[in-house]
Each structure stands twice: as structure tokens, then as C-alpha cells.
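Asker: Take a look at the letters that make up each chain.
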Amino acid sequence: MEAQKEQGSTFFSATVVVIVLSLVLAVAFYLPSFVIIFNYNSFLTVLGIVAVLLYTNIKVLLLADGIAVKKQYSRYYRSGIMYAISTSIILVYINAPAQLINWDLISFSCMLGVCFLSILAVILFLLLLRAKQYLSFLVSISIFVLHTIAFFVFQNLTDYFLVYLIVIGMSAVFNSFKQALLYFFCSNFIILALFLSSFFLSGFLPPMGMKYLLGWGLSGYVSILILMLSKFAAEKKHLADNAEVTMNSLMSATPNLIVLLDNLNRISYISKPLAELVHIEEHELTIGRPIVDLFPEMEMKLMISEIISSDGFFSKTIEMVQQNKVRHFRVLSDRFLGEAQGRFIDISDVTQIMEAKLEAEKSNAAKSIFLAKMSHEIRTPMNAIIGMTDIILRDELPPGARENAMEVKQAGKSLISIINDILDISKIESGKMDICNEPYDFASLIKDTVDITRLKAAKKGLMYTFNVSSHMPVDLIGDEIRLRQILINIINNAIKYTKVGHISLDVEYKINEDNTLWIFFKVTDTGVGIKQEDLKLLFNEFSQLDHSKNWRIEGTGLGLSIAKNLAVLMGGDINVYSTYGMGSTFFIKVKQELASLKPLATVLEPGTIKILVLEARQFYRDSVINVLNDLRVPFVFASTIEEFDKHLSCDSYSFVMVGNNFILEAKKILQERKSQAMLLALNEMGISSDGVTSLTLPMLPSTLANIFNKIEEVDEDDTTGGGNVKFVSPRSEILVVDDIATNLKVIDGLLEPYKFQLSLCKSGKDALRFAKEQHFDLIFMDHMMPDMDGIEVTGIMRNMKDSYLSTVPIIALTANAIHGMSEVFLKSGFNDFLAKPINLKRLDDLLDKWIPHEKKEFVPISKGLKCQANFHGPRKHPIASENGKISKAEKQSGFRTLADMYSQARKCLEFFYLAPKEDDLLDFIKAAIKLRNILDYIGQQGASEKVDILMQYANKHSLEEISILLPLIRKELTTIFENVGKTYKFENFNNRNIDQEVFSTSDWKSLLIDVRDLLMQKEFTKAGARLDAVEEGTIDDDATNQLNNILYHINAFEVEKAIVLIDDFLEEKINELF
Amino acid sequence: MNFFNKKHVFIINPVSFKSKHDMDAFINELGEYFGANDSNLFVYISKFPRDAISAIRNYMSKIDNNERVAIYAVGGDGILFDCLNGVVGLSNIELGVIPYGNSNDFIRCFGDNALEHFRDIHSQLIGSNVVCDIIDAGNNYALNTCTIGLESYAVLKALDMHKSCKSVLEYMPKPISSFFYNLMYFFGGVLSLINDKVINQHYKVTIDGEDFSGNYSMINIANGHSYGGDKYGAVGAMPNDGFLDVLLFKSTSKFNLLNKGVEYLYGKFYKYPELISYHRAKQIEVRSNDPLLLQLDGEIFIDTNITFKIIPNTLNIVTVKNHQFTRNKKYNEACDSAIRYGKNPISDTFTT
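These protein sequence lines map, in sequence, to chains A and B.
Counting with our numbering, you get residues 5 to 1078 for the letters of the first sequence.
Counting with our numbering, you get residues 482 to 833 for the letters of the second sequence.
This list has only true hints and no planted wrong ones.
In silico lysine-lysine, BS3-like type, Cα no more than 27 Å apart, as pairs:
#, chain 1, residue 1, chain 2, residue 2
1, B, Lys638, A, Lys276
2, B, Lys678, A, Lys276
3, B, Lys543, A, Lys320
4, B, Lys528, A, Lys320
5, A, Lys503, A, Lys464
6, A, Lys503, A, Lys451
7, B, Lys644, A, Lys276
8, B, Lys644, B, Lys499
Label pairs and their calculated CB-CB ranges:
#, chain 1, residue 1, chain 2, residue 2, range
9, A, Ala364, B, Asp505, 52 to 58 Å
10, A, Ala364, B, Gln764, 43 to 49 Å
11, B, Asp711, A, Phe348, 38 to 44 Å
12, A, Glu285, B, Asn803, 47 to 53 Å
13, B, Asn803, A, Phe348, 47 to 53 Å
14, B, Thr795, A, Gln326, 28 to 34 Å
15, A, Glu285, B, Lys735, 22 to 28 Å
No wet-lab data here; the hints were simulated from the structure.
Source: prediction; values computed, not measured.
We treat Cβ as the ideally placed atom computed from N, Cα and C, and that holds for glycine.
Input sequences plus hints: build the corresponding full structure.
Answerer: Below is the structure:
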């Protein structure tokens, strides 16, 4: 582009040269001789001028400097030809009449002629050179016109040259201000010299001599001007040519695909490889063509249009199919800087890079799929293990069994933790780990962290302290979950590598001006320490240092790496200082936003409290003193029981904090002294004994402040298996969809304390059917299911605009807990997401969030409903074990429903006695579906699959195959249902059905009173089941209608209406009796 | 007549107007027919060659597929070419031509007096449609004519000169600028004539499967009869006859080329059957080892092989005042002369 500009300037200068030369010729007509100093010395030009010399008597001094004579500039020969022709015409025209005609008469026509020919010459010159700078053309014309006017108006050479000087100066400005200044001063100097010389010479020379002298002077002046202009033009041309040669060389040699466009997006320069890419061998041929024309495909044309229409920088990777091969190109484009108009497009072939990237993405996708699958496959059984353990832990267990169950649960949690670590590191590696900043309570974070880690430390006999200023702000904004993960990782690591001694967690903070704060955590241990040479390896993935010494220690070696990466993502870092054999200190720094300055802990009336502390362990004693000092609570310290007794005898205290090993003595002394002080036992396990309130170590300022302020803390975390629930909701209908029977069983058990009316089903299709038939308050939907997955089912539900299903809360229940899945679920119409294995607290929170408030019956949290071993809520679908054997407990809860199923199954089996005909296929399929569902419900997976095969044949109208398979399957099904029938003694039930016993009035009375009682007890499902059990045919149509009406109101939870109807019905029947 | 039953898209080539004032006047006139915010009107001022293609595609992507749309190319053959390539393949499209260019060759297919009528906006808005064939030239489409060889080179040079001097010429009175415009084509022709490579290029030509390979100076493949201002090489071509008229001018001496080329340009090819062959075809393939300079409706392309196909009755062209495609006025004269020469029953060929 610079080259173009330079070239344009050259043309401009050359134009000036032509004009000036023409003028010089005109001026020379006055003079006996003149000088031409000519720079554009093409051979033909010289010939032309020589011809003029021969033809005329004009004296020409030809000074050619030869700057521009170079072969590669051959196109300038053409300009030379035109220039020579025009010059010759001018010379001939001017010179010939001068011999014969009075100059004054011809001067006007002469000038007009010069004017016309010069314009023509300039136009031709521009045309042939494809001049771009039209402004220079106009300037040149202006110069010439001004010259002509000046000559005729002033009739005075001096005045004329003054005007000329101005014009030259103006024209020169278009090229360079410095050059213009130079011309200006030079010309002024010359004119001054001329004036002075003419002044002095006029005294000595006759007028004619003076005129000649002046003429020579003027000629010299013009010559110098022309020389300077020529030189200037030549320099410009030289630069332009150099630039063009450089650009052409670059365009030929570069392996890149580059194109430079002018302001109309036509090609100015194109690199050879790009021309070859679009199958143009001679890339010069494309010069001047619209860039869009280079690309044949409409998509490419539109893409190029997009590039050239963009105002600023453009960057995009595009795909092109060439010779049946997909190639990738990265397109960069931007407008030229400065005054230059146009833009460049740089296209790089990134096929290899993209292929590598795609390959990497493919591998990454495969890895993600593997991780997802692994996560799913491991979480599914883990869900059963942990969930079932939770259910077991609710029951009263024999000694040792609870510990064993706890061990199972702990092992399960460890395994899940490992899976989570692997998933996390995978996220970090792929850059998909996001930090979700949300408001959180720092006190809660710390409490959770300490609670989770303290038991481990206590089990190992390690002392564990926590020190933080009570003034630390607690309302922070950050990623609480990830910060907790960092702390737990580091503290667990410290506990893991410390055999004896202590662990401490110290927290400091610094508030910044930008409403953020730095939090500095220091985790110190007295563990094995780290060698200096190993420190740099500490945060590497999968690294466990000093393997020979630590081989017994569990762990994947991912925890520290994850923690460090998370800290970095939070704008901080983790550093470590360690002395081998002595212990280590981890410094964690993270940046969090400040929501408010509310302090961590404040004692409302510290002056009214007085505390006596008895703790012999120095480490804990210091920690307690720190906390009490920080809370500004007055206290007295005793290190022995004697000192304790002495202090109690002297003074009264509101609280007495005693180390666990002094509890019995302290209690005794307090009783003896009849002290009103509240006894607080300091112990690591948080277990209170003998009615003494326990103060768990490490001691948290917030916990202590709450005790002093008499605020009861609510322990929301139930690590022992759960059983405490926030509410019960017998009126809530919940549907759980999961293709795995064990998972259904787990969630059935976990939801049991809530007393929901629970419906379970094993496929998306069934879920849709159930959901249409019944109104549910909440649906738990498994993600991965055969045939129709949870996302698909939810999509269908959400599209039922006129149904409650478009808005009913649906919670994704999945073991696929990899990155981004929660977003996927939310986008797919789910309202929330619950990962397997199911975390009880999370489950409780979700239920609290989504169960309609009006259907909740709240129970005090601290006295939450403790599940009884034999408690079973009103569930509809008990799950049978293999071979139809059903447990006693299940019998109690779902007897009626199972009886219904059994009855239905028998009816359906009737379709299986004879092979169906073509017309019967629809009924056969319906019966098969019912049977399959029943078999699924009672856990007969194998038989269910066989029925499924029959259904598939039925769908294909393959009657022959059905007739072959049917007897075998029928036999198996008959055996199964016979077993069920025997187990539950359904024979009588069914016999009654067969015998068609007629309902008596007393039966009616008994039934209706039973139902009424059940309704009063809020046992809606049982009441419904009781009514359902009345067999068709045993009662008349009117009674059937009335029963259906009652049943309808029971299902709609319109209990009062149902009771009114029962009462009416009962009255009617009693009246019948009398 | 109600013209609000379709959308009207005016694609304007600003350089076709003598001044911005003229263009503004044209746009203001449009505004008088449509309300200020009428969604049926869309005016787009083309910024650079082929800009119209993406503008049309972008516009069409934003409207309902069932909408009827009339796209008017306001300017010369260049903007018409761009608009044609923008609309090909789209449904419910009519292509209008509002001629403000130098030569407006395609409009000459409606007769010599059609130019002014086609500039009348109201007539355009209420105009009817005529169906027109288009030339499928591989990656591009043309309405009027395709030339290869000398003529293309001449157009290339003339365009170069025209581009160089456009800003000067646009300040000149129309007769003078037209004079210079023609002068540039003349210079372009002269430059082509002296370029041996151009006038002796070897082409592998297949016309409807028949081989006509050889050295040719020029090849003219025409859908319309007029081109290059006042020239009408394929005098019998009609844009709606379902055929392409093909003229192959064999390589010959410069003098012969100069002498007979002028008559060739004015439809008198029948005088030199040994030098110029005439064909009517549906598909023509042209291959060359050297770069093949191709002119499509006045636009230059470079390729090494190209296949031309006629796509009959493809495009609805908006016509005004019931103008229909008409034969070139010299057509009858050419037929008579051909018969007189008796060497080539050209009238039979023309009227196929």
C-alpha cells in the first residue's frame, strides 16, 4: 500500500514535470534559447527531443541523470513515448510560427494549444500508468491554468513567476511539506538574486542585453525548479518501485495466503499460494478483480463478503472442501492503518493444527465419555451401597453392626471422593473448572470444614486447633464449595501424614480497597514433613512423595494438585514450608468478595460472663485462651483440679470449661460447691456424657459466642445416616423414575421418613403414562434409561402445554455427575439436579425447596422424626425380591396393591393361553405391557425381558415366533405368579373374585367404617386401596358409582367430601338394614 | 395496481449516477411511493463489486420464504450481474432492471426505446414479468453475454482504464464521458489486437458434445443480442429462446482480425463462414491450458476451464409497459444478407 502511495506521488510529480516543461517551452518562445533538464530519460523520449532539436533551432540542454533507467520499469517507456510525442508537438507548434508571425498575435493561440496538448498528454499519461491519485491530476491542471492566466494577466515575467512559485509550493505540499519549504526558499533566493542582478546589471548593459540576461536567469531558475522536482519525483518513484518490487517478491515468495485489497475490495496484491489455491496460475491476472470472484462457492463468497464488510479486525477459522478433502483456514483481516484505504486478508492453512485439535478434542471427548461412563457406572452401585447403608443406619442395630455399617458408608464415601477427585482434575486439565461466586457464610464454611476433618484427627489422637479472629467478616461472596474442598484437602492431607502431635488451622484476613478481602489460611502439622527436593513435586498430579515411607497412606495424589489449581482459580495460591521429619505448614491464599462487614462472632454482654477454664493440655489451653481473649470474655485459668477447686471456692462463674479428662472431678466439685455455673466439656469427639454439654475441639469462636449468647446451634449435618427430616408430607405425590430396581429401592428408603405417597416406575414410557393418569407434586427422573432417557421424557412432559406436567418440578436423578451436566439438565427442562450417591442433606434441601409448602407438615428439627425400623409409609409399589419372595415388612405396606397387581396379572395371562391372531394383536400387546410392568415392579427382570421380546414380535406381526415362544414364557409366568399367590395367600382373594360373592349390608358397613377411619387417620392410600379391593360384580352399578365417587374425592385429597359421601352412603345402607 | 403485495428491494450502484444528488433524488422518489418506514421497501447502496450478492442473501435470509420479492438492479450491467448472482436459486424472486449504466446492454433486448421506460419507477413497481433464460457459467451466472479471448481482453483493459479515470470522467458532460468511455474500449481493442497470446490462444471447445477445438481469437456465447454499447455480434440471440448463440472466431492475422472483427461485432459474421462459425446450443465447454479470460455481462473472470449451460425459463424479469424481448433491429437485415450471401442459411438457424 505504501508502494501505491509512493507510486501515486511519483505520477503526480511526473505530471508536474510535464506541465512545467510545457510552460518552459512556452516561456522559451520569448527567449533566444532555453534549457531543458530532463529526468524521465526513456530512449524514445530522448529520440523525440532530438527530433525536435533537429527540426528547430531551439537550443536544448539535455541533462539526464539516469536515475530511473531500469529495465524492469518498462511500462514507463510508454509514458516516455507519449511524453515525447506531446513535447514534440508543442515544440513544433511553438517554434514554427515564431519564425514568421508576430509573437504578440499568436501568443494566445499558442498558450491555448499548449494548454490543450498538455491536458491531453497528462490524461494519456495517467491512463497508461493507471494513476491512482486523481487529485494530482487536478492539481496539475490547476497549475497549468493558473500559469496561463498569470501569464496573460500580469504580462510581466516577474509577477508570473511569483504566482508560479506559489503554485509550485502548493503542489509540492501534496508530497512533502519539507520539500515545499525547500522550493520556497530556493525560489525566493533565486528571485532575489535575479532582482538584485538585474538591478546592478541594468546600469551597464543595454536593454536588449538586460532582457537576454534576465531570460537566462529565468531559464536557470526554471531549470533548477525542474531539476528539483525531477529529482524529487525520481526519488519517490525509486521508493515506490522498490516498495513494489519488495511487495511483489514477498507475494511470490511467501508461503502464506495473503491478499491486499483496495478501497473497493479489488485485489491489489495477491500471494502466489493464494492464487494457486483458487486455481489461478498467473497471480498478476487477478490484480484489479473483486476478491469475491476468486472463490466460486456461494458460501465462500458470503464469507468473504462478511470479512470485507467488517469494520475492524476480523478473525475466523473456516472450513473448505478441496479435492474432496476438508481443509481448515484461519482468516485474519483488518483495514490498513493511516490514510491508506483498503484491507489485507491473511489466510493460514491450519488444517494440520485443526486436525490435531479435532483429534485432541475427539480424545478429550472420548475421555469425557469414559469419565462420564465410569462416574455413572461406579456411582450407580455406590448409590445403592451408601443409600442402603443410610437406611440400615436408621434402624436399631446390634452392637458392632452400626460400626460396621458406618465403615461401609465411610469406605463408600472415600471411593466417591476419589471419583470426584479424578473428575475434578479432568475438569482442571480441560480448563472447564469454573468458580461460581455466590454469597455464603464463612462461619458455616469453617464449621463444616472443621466438623468434617476433626473426627479423623481425633481418631488418630491428634490435637486439632483452630484460630481465627472473631472480627473476621462472615458474609462473603465466593465459591464456598470449592474453598471448602481446598481446606478439606489440605487438612486431610495434614492429618494423613501426621502420626503424633497436632494440627492447626489459622485464619487471617486483609480487607482490600476494592471491596474484596484476602483470606490467608495456615495449616500446620507435626507430620513427616517434606524433603526440600520433593517440594517442587508436591502439587504434581498423582504424586505421593517419599513413597517408600508413605506407601501405607491412602490417596490418589490428586488432592493437593486440585487444591492448588482451585486456589489459583480464586486468584490466590498455595505455598508450603516444610522441615523433613518435623512437619509442614501450608499457606493458602484466596481472594473473596466482601458482602458485609458482619463479624464472625460477638459476645453480646461479655461483662456479665465469667469463665473458669480447666485444661491441662498446653496446646488446647493456648487455643482456648486465644478464643476467649479474642471474644473479650473475662476468664480464669486452672491447670490442675486443685486450682480449679480453689477458684470455684473464691468466686462464682457463669461457665466452667473443663477438659474431658477432668469432667468427673469437676462435676463433683461443682455439685459440692453448689455452683450454678454451666459445665462445658472440652473434647475432640463432640460427645457429651453424663448430661454435660460438650464443647467440641477445635473450638470455633462462633460456637462459643452462641453458647454465651444462649443461642442454640442447629446441627444440620447428619453424618450418621439421617433420619431427621425437616418435614413430613403424606399428601404429596412423588413419582420416582429409574430403570434400576436397586436405585428405586434406595430412594424409596431414603424418602420413607417424609411419608410421601410414592410411585415408582422403571421406564420413561411408564413415567409418561403414570404422570398423565395421576397428579404428582414432584418427579425424580433418572437420566440414563434404555429406550427413552430422562431428558427425552422431561422434554415430552414440558411440551404438554395444557397439562400440569409442563410446570411440575422435575429433579434429575443421575449418576452422571460430570462437568456441565447440571447446566444440561436445567436447559432440558429439569428444575434441579441430584447426584448419586444421594446426599441426604442435599435430598432434604431439594425436597424442602420443591415440595409445595401447603402440603408440608413441619416437625421441629432438633426433635426430628426419627424413623422407626418398622415404619412404612403408604407406598403403592412394594418391590419384590427374586422369585417373587416378598419381605414381611413389604407385605404390610403394599399388600392390597400387590393383590391388585396379582389380579391384573392373572387377567393378562389369559391372553397368553392361546397364540394371538392378527385381530387380537392390539389386546395382546396391551396385556403384555401390563404384565411387563407388573413383572418389573415385583423385580422379575428376566421374565419382564421375555415378555418384552413377545411384544416386539407382536409389534412386527410375527405370529409364528409368538406361537413358538408363548408356551415357554407362559409357563414361567404362571410359576412366578403362583409363587406370589402362595406367598401372599392370594388364592382365597382370587377365589373370592371367582366365586362372585355378593356384598352384604354388614360388609358395606364394615367397609365404609374402615375407610372412614383410615381417612381420619390420614391413611389415604390405604383407604383408596380398601375401596379398590371391592371386586366388580359383587356390588350393583349404583353402589359402584358411589364408591367411585368416594374414591375420586380421596384421590383428589378432598377428604371432607369423601367422608360426607361415606356417611351418606353408610346411612343409606343402615336404612336398608332396618 | 397495488405494489404492496410484495417486497421491493432496490440495489443501487452509486457510481452509476452522475452525482450523489442524482442518487438521492432517485431514493427520494422511491420514498414517495412508499411510506417512510414501509417494510416493503428496502434500499441498499452497493459499496463494492459483488457486495450486492451478500446484501441480497442477507436480506432474503431475514424474510419469510413465501414472500414475493422484487429485486431491482439500479445501475449498469455490473450491478445487474451482481443482483443476478445474488438471486439465483432463491424462490419467489423477480429481478428488475433500472438502467443507469453506460451501456445497459441487457435492456436493449427489450428494444431500443425501452431504456427510458425502464427508468420509470412507478412503471417498475406495477410492472409485469417476463420469463428469461440465464447462462450458467460454472460458478457464476450471466444474463446477457459471455465472451472469451480478444473481446474479454479488450473489456479488461477498457475497464482498467475506466476505473483509472472514473473520477475524472464523472465530472465531464455525458457526451464527453461517453466519448472517452468508447475511446477506452477502442484502446482496449487496440491493445488486445497487438497481443499475440490473446488472439492465438488454443481452446478445447465442445458444443453440445461436438468437438470444435482449435485456436480462436474470440468466442462469443450469447443469451441476449446486444453488448459493448452498440455491438450485436450474436444478432439472432433471444433471452427467452432456450438456446445459447455461439460464435467462434478463428485465429487469424491482425489485419484480418481488424478488418473482419469490426463486421463480426456488428452481426455480419455470416460473411466469413470460413473464419467465423455460428452455433446454437444448450451446453458449451471451453478448456484452455493458458488462463482463460472470461467476460460475463461485462465482468471479467479468469479460469482455465468452464462449462456454459442455458437454464431456460428460470428467472422472472420485471418488465414495464408490456415491453417484451424483441429481436435486434438488425436481425432482419442480417437474415436477408445471409440469404443473399447464400453461404449460410442463417435465417433458418436464427428462427429455430
